[in-house]
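Trainee: Here the protein sequences come in this chain order: G and L.
Position one of the first sequence corresponds to residue 1 (full-length UniProt numbering), numbered consecutively onward.
Position one of the second sequence corresponds to residue 1 (full-length UniProt numbering), numbered consecutively onward.
Keep in mind that the hints were calculated from the coordinates and are not lab data.
All residues carry an ideal CB built from backbone N, CA and C; glycine is no exception.
Treat the hints with care, since some could be wrong.
[Claimed, not checked] Okay, the calculated beta carbon distance ranges per label pair:
{"hint": "1", "chain 1": "L", "residue 1": "P132", "chain 2": "G", "residue 2": "A133", "range": "46 to 52 Å"}
{"hint": "2", "chain 1": "L", "residue 1": "D73", "chain 2": "G", "residue 2": "A94", "range": "44 to 50 Å"}
{"hint": "3", "chain 1": "L", "residue 1": "T77", "chain 2": "G", "residue 2": "D73", "range": "50 to 56 Å"}
{"hint": "4", "chain 1": "G", "residue 1": "L24", "chain 2": "L", "residue 2": "D44", "range": "55 to 61 Å"}
{"hint": "5", "chain 1": "G", "residue 1": "R23", "chain 2": "L", "residue 2": "Q81", "range": "54 to 60 Å"}
{"hint": "6", "chain 1": "G", "residue 1": "R15", "chain 2": "L", "residue 2": "L136", "range": "32 to 38 Å"}
{"hint": "7", "chain 1": "G", "residue 1": "A94", "chain 2": "L", "residue 2": "Q81", "range": "27 to 33 Å"}
{"hint": "8", "chain 1": "G", "residue 1": "A40", "chain 2": "L", "residue 2": "T130", "range": "23 to 29 Å"}
{"hint": "9", "chain 1": "L", "residue 1": "T151", "chain 2": "G", "residue 2": "Q78", "range": "34 to 40 Å"}
{"hint": "10", "chain 1": "G", "residue 1": "D73", "chain 2": "L", "residue 2": "A147", "range": "26 to 32 Å"}
{"hint": "11", "chain 1": "G", "residue 1": "A16", "chain 2": "L", "residue 2": "L136", "range": "54 to 60 Å"}
{"hint": "12", "chain 1": "L", "residue 1": "D73", "chain 2": "G", "residue 2": "A182", "range": "35 to 41 Å"}
{"hint": "13", "chain 1": "L", "residue 1": "F85", "chain 2": "G", "residue 2": "D44", "range": "56 to 62 Å"}
{"hint": "14", "chain 1": "L", "residue 1": "D180", "chain 2": "G", "residue 2": "A94", "range": "54 to 60 Å"}
[Unchecked claim] Selected chain L positions facing chain G (Cβ under 7 Å, derived; list incomplete):
{"hint": "15", "residue": "E35"}
{"hint": "16", "residue": "R194"}
{"hint": "17", "residue": "I195"}
2 protein chains.
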Amino acid sequence: MSQGLHIAGDEPSERADAARNRRLLLDAAGALVAEQGADAVTMDKVAAKAGVGKGTVFRRFTNRAGLMRALLDHTETQLQQDFMFGPPPLGPGAAPLDRLIAFGCARLALVGVEGEVLRAADASPETRYTHPAHRLCHAHITMLMRAAGVTGDIPLLADVLLASLDASLVMAQLTTPGVDLARVAAAWEDLVRRIVR
Amino acid sequence: MSQGLHIAGDEPSERADAARNRRLLLDAAGALVAEQGADAVTMDKVAAKAGVGKGTVFRRFTNRAGLMRALLDHTETQLQQDFMFGPPPLGPGAAPLDRLIAFGCARLALVGVEGEVLRAADASPETRYTHPAHRLCHAHITMLMRAAGVTGDIPLLADVLLASLDASLVMAQLTTPGVDLARVAAAWEDLVRRIVR
Chain G
1 MSQGLHIAGD
11 EPSERADAAR
21 NRRLLLDAAG
31 ALVAEQGADA
41 VTMDKVAAKA
51 GVGKGTVFRR
61 FTNRAGLMRA
71 LLDHTETQLQ
81 QDFMFGPPPL
91 GPGAAPLDRL
101 IAFGCARLAL
111 VGVEGEVLRA
121 ADASPETRYT
131 HPAHRLCHAH
141 ITMLMRAAGV
151 TGDIPLLADV
161 LLASLDASLV
171 MAQLTTPGVD
181 LARVAAAWED
191 LVRRIVR
Chain L
1 MSQGLHIAGD
11 EPSERADAAR
21 NRRLLLDAAG
31 ALVAEQGADA
41 VTMDKVAAKA
51 GVGKGTVFRR
61 FTNRAGLMRA
71 LLDHTETQLQ
81 QDFMFGPPPL
91 GPGAAPLDRL
101 IAFGCARLAL
111 VGVEGEVLRA
121 ADASPETRYT
131 HPAHRLCHAH
141 ITMLMRAAGV
151 TGDIPLLADV
161 LLASLDASLV
171 MAQLTTPGVD
181 LARVAAAWED
191 LVRRIVR
């Protein structure tokens, strides 16, 4: 496992340099999504935002679908770190109910990226329930429901909770007049309280 | 609109004959799904079960995907008739809570057909929320929740309830050791009771 190590020095290694550039580009792409929505993310704009040449973005991610997939992995990984090790209420230290509510709100904040990536990457609906990121989220909210003293069929209740946060569902909800992310987040909190009480 | 009318007589009209044959084939296909699962449905078996030649099945439905789509329409239409006009507890006359529970169980009974059709017909996840059948189910459970005195964001709660019955989710659940349709139905009833109480 020594390949993950390098000796820190004045000059970063090429590997560390590449990782830093990758993070720089994905942060730029994520900022674009937050500012202008996922549809606004183009290879050109990401390059401009990150202050690099367009060729660098293409070399790294091949095409827009590749960029969006990498962005999803990046944001998923960030979310996992936040709910496992980050500050409360998403991370450890808050009451299980509050952590559940925070989890849903954090996932909903990713829906714009997720939905776009699902479209761009032509992700199969069949594989989403077996994806490691999905399993980790399932394990997380199962743990929180047990800690909150929820009774009943907790694994299947966890499926329902995750299904309510599904990107394609939420994207469809957001096209309904009068429905915005704040309202979906409020409905999530209401649902969690009905299940936990 | 006179094209839908015909004069009843000793000899059924060709149109009525065709409709009866179509129903005969779809009933045979539905019976095969119930007995042996959706994977067992082939054009050959449907023809044998209905007592007609294989060519008749191909002329009517073109291929297996066409047959499965027609079967889904057929079963959806049947379900709609049952929950709008059929006997209680699915149809009118039972308490809203009992009708909600019965609705989920009836939908779950269709999951085998639905899941197979979604695969066979390559149905787009984007269109499922705008499909008329989905809208009708949404309107139905929204009405039942209001009648049961549920408070809160009823349209979004209805989305969650329907999402928990989604064919691709339930098919994935059924691949989990220890999970069968009866357990998913019990979880549905539990979920409905948490939302209605």
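Trainee: For every hint, state whether the structure bears it out.
Mentor: These are the hints, each one checked on the structure:
Against the hinted window of 46 to 52 Å, the Cβ-Cβ separation of P132(L) and A133(G) comes to about 33 Å, which falls outside the hint. Checked against the given bound of 44 to 50 Å, the beta carbons of D73(L) and A94(G), roughly 48 Å apart, stay inside it. Judged by the Cβ atoms, the range 50 to 56 Å given for T77(L) and D73(G) is violated: they are separated by roughly 43 Å. For L24(G) and D44(L), the hinted distance range of 55 to 61 Å is satisfied, since their beta carbons lie about 59 Å from each other.
For R23(G) paired with Q81(L), a C-beta distance near 57 Å keeps the hint of 54 to 60 Å intact. Hint check: R15(G) to L136(L), Cβ distance near 56 Å, so the stated range 32 to 38 Å is violated. Between A94(G) and Q81(L), the C-beta spacing of about 49 Å breaks the proposed range 27 to 33 Å. Checked against the given bound of 23 to 29 Å, the beta carbons of A40(G) and T130(L), roughly 24 Å apart, stay inside it.
For the hinted restraint 34 to 40 Å between T151(L) and Q78(G), the CB-CB distance of approximately 36 Å keeps it satisfied. Take D73(G) and A147(L): their Cβ atoms lie about 45 Å apart, and the range 26 to 32 Å is violated. Separated by about 57 Å at the C-beta atoms, A16(G) and L136(L) satisfy the suggested range of 54 to 60 Å. In this structure the hint that D73(L) and A182(G) lie 35 to 41 Å apart at CB holds, the actual value being about 38 Å.
The hinted window of 56 to 62 Å between F85(L) and D44(G) holds, with their beta carbons roughly 57 Å apart. Taking 54 to 60 Å as the suggested C-beta distance range, the pair D180(L) and A94(G) does not conform, at roughly 36 Å. Given the 7 Å rule on beta carbons, the hint for E35(L) is violated: about 25 Å separates it from the nearest Cβ of chain G. Against a cut-off of 7 Å between C-beta atoms, the interface hint on R194(L) holds, since the closest Cβ of chain G lies about 5 Å away.
Interface hint status for I195(L): upheld, as the beta-carbon distance to the closest one in chain G is roughly 6 Å, under 7 Å.
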